[in-house]
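So the chains spell out like this:
There are 2 protein chains.
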Amino acid sequence: MTTPHPRLSLNQATIKHADLATALRVTADAGLEAIGLWREPVQEVGLDTAARMLTDSGLRVTTHCRSGFFTMPEGPERRASLDDNRVAIEETATLAAAGAPGSTAVLVLVAGGLPEGSQDLAGARERVRDAIGELVPDAAVAGVTLAIEPLHPMFATDRCVVSTLAQALGIAADFDPSAVGVVVDTFHVFWDPDVLTSIAAAGQEGRIASYQVCDWKTPLPADVLLSRHQPGDGVIDFALLTRAVEATGYDRDIEVEIFNAEVWSADPVEAVRRTAEAFDTVVSPHLAGR
Amino acid sequence: MTTPHPRLSLNQATIKHADLATALRVTADAGLEAIGLWREPVQEVGLDTAARMLTDSGLRVTTHCRSGFFTMPEGPERRASLDDNRVAIEETATLAAAGAPGSTAVLVLVAGGLPEGSQDLAGARERVRDAIGELVPDAAVAGVTLAIEPLHPMFATDRCVVSTLAQALGIAADFDPSAVGVVVDTFHVFWDPDVLTSIAAAGQEGRIASYQVCDWKTPLPADVLLSRHQPGDGVIDFALLTRAVEATGYDRDIEVEIFNAEVWSADPVEAVRRTAEAFDTVVSPHLAGR
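If you're matching them up, the sequences are chains F and S in order. The opening position of the first sequence corresponds to residue -3 in this note's numbering, with each subsequent residue numbered one higher. The opening position of the second sequence corresponds to residue -3 in this note's numbering, with each subsequent residue numbered one higher.
Careful, some of the hints might be misleading.
One copy or two, it doesn't matter: identical chains are merged, so the pair holds either way.
Below 25 Å or equal to it, Euclidean Cα-Cα: the simulated SDA-like pairs (lysine to any residue) are [unchecked claim]:
no.: 1; residue 1: K213; residue 2: D116
no.: 2; residue 1: K12; residue 2: L216
no.: 3; residue 1: K213; residue 2: T18
no.: 4; residue 1: K213; residue 2: R74
no.: 5; residue 1: K213; residue 2: S114
no.: 6; residue 1: K213; residue 2: D229
Treat the hints as calculated values from the structure; they're not laboratory data.
Hey, can you work out the whole structure from these sequences and the hints?
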């Protein structure tokens, strides 16, 4: 097997059932240089221990996943969510400082869906903007970029009311790019007739905080949340999207993030090997300098 | 039970398992004044017979569903699709002439997905534009409006590469509004951050050929094609969307079109009754003049 591409980062969700120690070990053992972490496995061992483990692994950290979920109206539930987001900001800063040089302090935000009983998408979207406005001072102090991730419109009501890159950029526009960026995830945005325009705009504004790749294939599985596939296993044009992101000057790590029952049931070592192979086949050829 | 709203049209797909005779009978018996027809049950009895049956029913016809599926590259398959679309145009004209006064000659077009093995969404979208360009002269002669229906982005690759109203309007822009319009279907467009702007634009351009209502609810069923619900059973804000369509001056019939295994398994009489009731509860209150 060839050496994995130096810009490939394994998002930990791809090996969801591995604990942090396993995730770090199999990622480093496979020759990858970077990883995107998730809050739950980090919290399982505690932040300080997680930070030490990350340092020991020699890996860069590329994102901390994930926070957000702040579409509810004012009240104790909203306050609790914002407080938890502040904890996530601190986690992100600590981990980025503990990761190898080149680590990035990027906290991925998934907005949340419609509150129970509500039909008011516009209102929920405004409350996302308000929540980010409240968190920006904390993010700025911590040196963390809040990365708004638009999710595919099929998740608009139950998971993320931010559905397009243009919409994410519209929210981000109120804030400094060092504090608020966007995630470009191929699965969520490839269908968008305006995707190339939006990627170019995001790049021009310095807003691309993370580029994530995974594939789309139909028929969708019964649980559509698990319909993410290895790059190359579906119909997404990774040449088109990767070149568009590269053309903006984005030169940082690229995560592969898969939610897929079959991938999750595989041995993590094998899942990482497959990921590196898929990346090398359909993404690497479109990256500058390789 | 109260009289159904005079602008309610039952799209025949809502009672998918009923043949044409049954569909016409239960729709008229329930006191509805209009119906949207599907090609298969019409072809089952033959066009001339179907036209006579429609005349006898006293119902208006509001759409003929559906044609399109012309994303494939040039070749015999594409020619066959365009020929079939020409047949559908003739069917639409014949049925509209046979329906009660106020019938509209509207042929609903679903673009089709990516051709097998293709990842080229932009190319497929251009071929939709080209196909419509080829069909416009036939539509104009027949007095039929080709109605481009954007489908929810979750269908972008396997069913319809036209995903937003703005995109449909972009294709329609090349043609006269009498020949090419769009379908506004709440299920497909409600999530779109630009939906109100697009509805207003569609109205201003005289492009709203059909307004269809049904609801969105999560979790989605295993077959996402069957995830359409009676208005009021999900999270769509029918006040917002119906008022936006009314505000454009749209004053024609409004179809309820449900694809849902549970609705299909019900007695058609009961399904029509439930449809009229749902419409009266969540759509009628937002219509002018009632």
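Hints violated by the structure (listed by number, smallest first): The structure conflicts with hint 3 only, although it agrees with all the remaining ones.
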